[in-house]
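**Student:** Spelled out from the first residue to the last, the chains are:
2 protein chains.
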Amino acid sequence: MLKEVNIGFLGFGNIGAGVYKIIEQYGKISFAREGFKANIKKILVRDANKRRDINVDKSIFTQSIKDIVDDPEITLIAEFMGGEEPARQYILNALENKKTVVTANKEVIAKHLVELENVAIKNNTGLYFEGSVAGGIPIIKVLRESLQANNIFEIKGIINGTTNYILTKMSEEGRSFKDVLFEAQQLGYAEPDPAFDIEGLDAMFKLSILSSLAFHYEIPVDKIYTEGINNITIEDINFGRELGYALRLLAIAKKRDSEIEVRVHPTFIPLNHPLAAVRNSYNGIFIRGDAVGDLMLYGKGAGDLPTGSAIVSDLITASINNEKQRHIYSTIDKGFHDSYGMLFNDNWETEYFIRMTVKDKPGVLAKIAGIFGKHDVSIASVIQKGRNGDSTPIIFVTHKSKEISIKDAIKDMQNEPVVMKVDNIIRVEK
Amino acid sequence: MLKEVNIGFLGFGNIGAGVYKIIEQYGKISFAREGFKANIKKILVRDANKRRDINVDKSIFTQSIKDIVDDPEITLIAEFMGGEEPARQYILNALENKKTVVTANKEVIAKHLVELENVAIKNNTGLYFEGSVAGGIPIIKVLRESLQANNIFEIKGIINGTTNYILTKMSEEGRSFKDVLFEAQQLGYAEPDPAFDIEGLDAMFKLSILSSLAFHYEIPVDKIYTEGINNITIEDINFGRELGYALRLLAIAKKRDSEIEVRVHPTFIPLNHPLAAVRNSYNGIFIRGDAVGDLMLYGKGAGDLPTGSAIVSDLITASINNEKQRHIYSTIDKGFHDSYGMLFNDNWETEYFIRMTVKDKPGVLAKIAGIFGKHDVSIASVIQKGRNGDSTPIIFVTHKSKEISIKDAIKDMQNEPVVMKVDNIIRVEK
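Each protein sequence line maps, in turn, to chains U and C. Numbering that gives the first Met the number 0 numbers the first residue of the first sequence as 0 and each following residue consecutively. Numbering that gives the first Met the number 0 numbers the first residue of the second sequence as 0 and each following residue consecutively.
Okay, chain U solo, but in the shape it has when bound (with noise of 0.2 Å):
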């Protein structure tokens, strides 16, 4: 005999709608291999009425949070509206009223998850965002449930589908930045007002949950250094793949000691890195722990059925735990080390990509080398040729340096003569 459990959702868009698919047709399955029959109760819309491709008996839309968050039958809810309220408020109501939540916004747990957590065990209920970071893979349960035995000390990854969709194509089809956006904007990989993905702020949203996850320590948005792709030109690309690298928008975090780095922003990596071969629209976390050693998750960070996938997962999980009164909430550390503060350092150590345009005569090496020597930034390859008449284009791969000596030796060049202009300053990881 299966035990019914009542779900209600908040909006019925294109993850909502994938969750139900799922949930009406394999999902059956997977709920009753665990003694559950799933029951979608209602759901809340703006309008009953639209046009959707999924049938649904009308009888259960409704356009008031209250007929789901105060429906005693109701003991899960799943949130996919997107934003940050009214879907927060809506969220803490749930909570409030014991209600288990699971929810794919990457928005309200990147600046909330605290808040939230606390308001659950206040009323032992559960609280699960496997959708809301990399959408079909299971990196939070991962991070929480396989990784625990240890101390993760990095993590490297592409988060945006967006962005690695246009760097790939620019990269491998030798096309500009405005011409592959404009593309995927008509393909619908890419929004009409696209700001968010190709700035980074999405990537800055999930690193945030990721690394709080990772080091038990709460990582808000505003203390991630957050630069997108749209300085990135073909010749950045080409250039950094002469040297051996793929170019890829990277969301970074490393702990050392009480120290901590977390950093979204174009990157340079080896193209023999594993996230190297993350193509086209597809996510990849590289994550590095004391025991495990390095580990990496690759596939559909976003989409209807992959996110659904998540989401019903998170359903089935909460399922069980609430049958068995057990909540997972082990994100932030009370009490081990309470008193254990992190320094966040902006002054990071890594390698840089520097490309400028110089004046094309003798002795410019050697003054601009100078002025790298004079900040103690050494370097490790360079590239000059074709010779465009009066100005070339050199580059410069640097060893490890401090950003602070990068950026001081960045306005020295602008003050030197021979320096006509400076392209573009990329981060490298290996």
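Just so you know, nobody snuck in bad clues.
Which copy is meant is left open, so a pair is good if it fits within one copy or across any two.
Capping the alpha-carbon separation at 27 Å, the derived lysine-lysine pairs in DSSO-like fashion look like this: (1) K2 - K333; (2) K36 - K333; (3) K358 - K420; (4) K57 - K27.
No lab work stands behind these hints: they were computed from the structure.
Put chain C on the given structure of chain U with help from the hints.
**Tutor:** Chain C only, in chain U's frame:
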């Protein structure tokens, strides 16, 4: 106040010592986060006085299995003896005494999972085996607890580090199989008797476990077609690369309708496939599900700490589940579709790379093409070059063909006077 969990170890080799170290170090925090304190109470060893690199109070060593399985205070038993017997018997004894077992024993799990799960169910206790496949990669938990909502229909895995190390070195350094195997043995990456790895048996056991979990159906090891890498030459690898392929020992499981195919063999995959980026002794497991799409996990498939990471994770999960009396036994479907008998298909359809040595004279290609045509095998590409006087190598890649058609065509080739030798036949997967 932390709840003490008493653990007994069966065996204390490399992996056991890794688990011990993790529990004594970072693992303390990991257990405490969930409310537990782990106490390693007894360790079964053959010789308590053997010199060990690890500092352990000798009073916890015992040579009697009874001291562990009959100790009422011990609730969790971790087995890392390896081999079929007496490990299987000890695991059975432990389960019958209502102790939860965590094992890394691929042979016992591959051969006896159904039997052991039934005993665990009968005794209302737990059985966990994350460490039995792919070391630190949490593939068991991902299949059971993250991809539950998926109908999984394909697995392709690089799940033996020794053979992957050998194939990577052969490919990247142009060295012979024998030469690299010898080096791997010197470095400790290959056993003095390498047959278990080289001939594919290790991968066969692991594939049995993975495919049973993925398909919720018992996949006996003797249903798995298994072929090792012994006959791979540098010529195969070089010609393959020229055609755009990397060579890997793949463990493949596919399900379609009520048909299953399971096979372990050297396989060419496209150079831009994510599995082609799995180099050296790393493992990679590529999964296709109806909702999640393509998913890959990559990491260290062996070693004391990576495998220890998986085992300690199981010990923590088991502690939580034991407290709540919720055990995990959804490996094989019962009830839903017991009548759903699966067929094991050994006449699969794939592409083939066929390398032959033929007489160097006009009309040879036409003769061979005629033989392929007679067996309905159509050719996708041919390489013929470098005349060696009387003989010349010739390489064909076929379009998708049935295994039986290829075998029949090869039989005819061997009776055809212009064919001097069929050097190798390697399957190709896209």
